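Residue numbers (my numbering), protein chains in the order written: chain A, 57 to 219; chain B, 5 to 420; chain C, 243 to 601.
Heads up, some of the hints might be wrong.
[Stated by the list, open to error] Facing chain C, according to a computed beta carbon distance under 8 angstroms, are these residues of chain B, among others: (1) 58; (2) 62; (3) 170; (4) 171; (5) 174; (6) 198; (7) 201.
No lab work stands behind these hints: they were computed from the structure. Values in this document were obtained by computation on a predicted structure and should not be read as measured data. For each residue, glycine too, the CB sits at the ideal point set by N, CA and C.
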Amino acid sequence: MDFTNIAFYIFAALTVGSAGVMVFHRNVVYSAVGLLFAFFGVAGIYVLLAADFIAIVQILIYVGGILILLLFGVMLSQKLTKVDVRTESMQLVPAVVVVGGVLAVLLLTISSTPWKLAGSLEYEPTTKAIGRLMMTEYLIPFEIASVLLLAALIGAAYIARKN
Amino acid sequence: MFGNLFKKKRYIFEDESTMVVDLDQSAGRYYEETMSKLEIESYQGDEMVVNMGPQHPSTHGVLRLELVLDGEVVKKVTPHIGYLHRNFEKHAESISYNEVVPYCDRIDYLASMNQDLAYVLAVEKLIGLNELPEKVEYARVITCELNRIASHLVAVGTFGLDVGAFTPFLWAFRDREKILDLLEWLSGARMLYNYIWVGGLARDLPEGWLQKVREFLDYFEPKMVEFNKLLTTNHIFIERTAEIGVMTPEVAVSYGCTGPVLRGSGVKWDLRKDEPFSYYDKFDFDVPVGEGKFGPVGSVLDRYLVRIDEMAESVKIIRQALDGIEPFTAQDVQAAIPKRLRPAAGAEAYVRSETPRGELGFLIRSDGSDVPFRVKSRSPCFSNICMIDDISRGGMIADLVLIIGSLDIVLGCIDR
Amino acid sequence: MPVLNANLTLQAAQFANLPETLQTILFMVLGAAIFAGAAAVLALVGVYLERKISAHMQDRVGPMEVNTEIPVLKNIGHGWAQTLADALKLLIKEDIVPAEADKKLHLMAPFIVFAATLAGFSVLPFGPGLVASDLNVGLFYIIAISSFVVIGIILAGWSSNNKWSLLGAMRSAAQIVSFEIPASLALLVVIMAVGSLNLGDIVAAQAGGIHKWLIWWYPPFNILAFFVFFVASLAELNRAPFDMPEAESEIVAGFHTEYSGMKWAMFFLAEYANMFLVGVIIATLFLGGWTSPFGDFLNSGPFPVFWVTLKAFIVIFVQIWLRWTLPRVRVDQLMYTSWKVLTPFAFVAMVGAGIWMML
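Kindly generate the complete structure, drawing on both the sequences and the hints.
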């Protein structure tokens with residue numbers, strides 16, 4: 057077993073384990089910490105797949121942006137100063153239905169996808185290629201996404217201003 | 005017989021309606037209802053109640069403030085005092101007139117000379133002692149003004165600390181150290197001097213002391229220029245202070261604020277000018293008031309600037325007093341001290357004087373013995389802290405800290 | 243894995259008979275230990291410098307007493323061992339955790355902060371080839387990894403169950419997220435100029451003396467970017483005049499109010515290690531990194547390490563100088579600085595430099 061494999065299993069275990077913590081822990085802040093390590097594990101797997109740029113973006117956007125905003129939101133909620141911030145809603149029947157449906161779709165996808173092994177990877181800069189693709193082949197999705205984000209930003213500012 | 009008394013209770017509400025409750029029957033229910041109303045009123049939405057002090061680094065002593073915060077915005081401030089209460093007034097009723105002086109030192113321990121002077125003036129008025137040797141009067145003015153500079157240095161230095169600038173604080177304390185050395189040479193103590201006595205001074209001025217005071221003034225003036233360059237004229241400092249904690253002259257007067265706090269609001273009221281005591285009518289000096297150079301009059305910055313300017317005025321006064329004392333250096337400072345201090349029964353005297361923090365008044369009543377019947381002190385800090393809720397609502401915690409700093413409270417003076 | 247550099251690989255020869263996987267792991271551990279040790283030592287030096295510089299600015303002398311009996315070191319004097327003594331004291335100090343605190347997160351927070359800081363060190367170039375991990379996206383990596391510090395600070399503030407801590411944590415999160423934008427925009431100017439995210443390439447582009455440094459490129463846009471990045475980095479470091487998260491006169495000690503002993507020391511060391519990190523980044527991006535300011539003169543052997551350390555410490559000196567001179571700004575003024583001053587200027591620098599490049 058070579059180093060890449062060991063690293064992969066470590067990252068995979070980290071991802072799955074902390075995802076479990078995130079889902080099953082009753083305390084919202086612990087869920088956020090679980091999410092943190094899940095993101096970290098996924099970033100590690102990206103590195104092993106020679107996708108260094110994607111790995112860094114994963115951490116920058118999800119940890120540096122979304123997770124911080126999430127924790128910020130938790131702290132701005134009403135039970136601000138109490139340590140036991142807990143999730144309270146338990147909707148068993150709808151949850152089982154929805155999760156069952158999602159699981160079925162996922163299993164179907166997993167079984168029907170022809171998985172390719174990465175083989176020997178070349179660790180070369182991907183940033184330039186990604187940038188070029190974004191500005192040529194995927195220019196329209198890129199621009200649409202930016203317009204969407206701009207709309208979201210203006211909407212958020214509008215809602216915040218109203219209060 | 006008294007059972008019923010304790011079972012009924014009268015509640016008075018804010019709209020002055022009253023309600024008598026039979027505690028036997030409805031105590032629990034009524035209490036719960038009242039408390040639930042209170043709860044709803046005071047903790048709406050995201051508000052958070054925070055206890056600031058008595059161990060908070062910038063409450064300038066053991067002051068406790070109960071804050072209602074919305075995020076960082078201050079909604080309500082309730083000061084709680086009494087952590088430094090030492091029973092000065094009751095103590096004074098059991099010791100002789102002269103023995104009260106060291107207790108006065110401890111009222112406002114940053115300006116002990118000024119406290120002593122206020123008390124001593126009241127006793128002198130009580131016994132009708134009006135003529136004192138010129139040397140005593142000049143020495144009193146010099147020591148009091150030195151102590152005023154020392155006290156203001158603490159005020160502006162710690163104010164710098166409140167804004168987050170550490171260096172001005174140490175510079176101020178470095179210069180204050182020199183004043184403390186001078187006063188220590190004079191009295192043997194660094195803060196609690198017990199130097200000004202009824203009718204005279206505890207000790208004669210040491211040889212060469214006046215020359216050292218002159219040297220200190222020559223050293224001090226350029227240092228203040230340096231201090232102002234570092235802190236007073238700093239852009240961030242002015243941005244932080246110029247528009248917060250604004251106290252209109254009406255508010256200041258109606259709360260009984262005095263000293264730099266009142267003058268910061270633009271009211272030109274200084275007892276050294278308006279009701280001169282000791283030799284203050286002999287000197288030429290200005291009374292700096294808040295001008296609102298960078299924002300509304302009565303802001304935190306104005307109160308700070310008044311203290312800075314007052315230090316320069318104090319230097320002016322000391323220079324004149326040093327010249328004035330020259331012909332009288334041979335006088336005996338203890339010549340006029342009364343051998344026996346026993347004012348007439350029923351005699352009463354009230355004297356107020358200008359301390360660095362404002363108007364300190366002493367009301368003394370005698371019953372004919374050598375122990376005062378009653379000593380009441382009117383503390384400037386107590387009046388100054390009262391209006392903190394009025395001027396800090398709507399600001400941020402950072403502003404509240406500056407407002408406390410600009411009021412320059414000494415908890416010993418508030419609690420006594 | 244090409245994570246290890248040539249210099250370390252040279253020393254690897256004696257381990258050649260070990261299995262390859264074990265070798266890789268050993269080198270990673272070794273490299274991490276070297277950089278962690280170096281970071282801790284540099285942080286201690288930073289603490290000592292801060293004490294001495296602040297003392298001399300305030301008409302004091304600072305620590306003068308702590309010394310040793312070892313002959314040569316004895317003559318240094320000037321209390322050089324004070325920081326070491328403090329570190330020892332902090333190691334044996336009682337660790338107090340508030341009764342109502344969330345114990346696990348309270349323990350985890352300082353480790354996250356310290357680990358994230360050390361992780362940033364792994365891509366810093368200290369000389370030709372002298373870098374623990376020569377990542378192609380090194381610059382991007384530093385920005386990303388520093389967001390872990392924010393998470394650590396938020397967790398520290400929340401888990402202490404103290405309202406002042408929480409206020410400090412919220413200030414910190416808002417501040418760092420806001421200042422990341424001008425900082426990243428300023429970095430974009432450098433990335434555009436060099437055309438690479440690799441810190442080694444960025445240094446190589448500036449080789450040949452002081453006039454080739456990136457700060458002089460496309461005047462005045464790169465100088466503008468330099469100032470924007472410097473101010474934004476002060477805010478991201480929680481240094482004065484932007485030390486809101488730990489403003490001692492307002493919110494006691496902010497997020498580390500309830501920390502003591504070694505856990506507090508980890509926050510403290512992380513802060514100074516971060517200062518050094520930012521110093522090296524600024525030196526690398528704008529001031530020529532490890533290259534000599536005199537072209538080829540003194541540009542070999544141990545000198546690259548000397549130059550980059552010197553430049554970093556000059557940046558640290560300016561940080562310390564500002565801290566002991568300026569008062570603290572208020573939260574809303576901080577946000578104003580970020581959104582209405584630094585961000586527009588960063589855009590100006592970016593667009594200006596871009597147009598210059600096209601011409």
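A quick look at each hint next to the structure:
The closest approach between the C-beta of residue 58 of chain B and any C-beta of chain C is roughly 13 angstroms, which is over the 8 angstroms cut-off, so the hint fails. Annotation: interface hint on residue 62 of chain B holds; nearest CB of chain C at approximately 4 angstroms, less than 8 angstroms. For residue 170 of chain B, the shortest C-beta to C-beta distance to chain C is roughly 6 angstroms, which falls under 8 angstroms, so the interface hint holds. Interface restraint check: residue 171 of chain B against chain C, minimum CB-CB distance 5 angstroms, threshold 8 angstroms, status holds.
Look at residue 174 of chain B: its Cβ gets to within about 4 angstroms of chain C, closer than 8 angstroms, so that hint holds up. The closest approach between the C-beta of residue 198 of chain B and any C-beta of chain C is roughly 31 angstroms, which is over the 8 angstroms cut-off, so the hint fails. The beta carbon of residue 201 of chain B comes no nearer than 36 angstroms to any beta carbon in chain C, farther than 8 angstroms, and the hint placing it at the interface is violated.
Consistency with the previously given hints fails for numbers 1, 6 and 7, ordered from lowest to highest.
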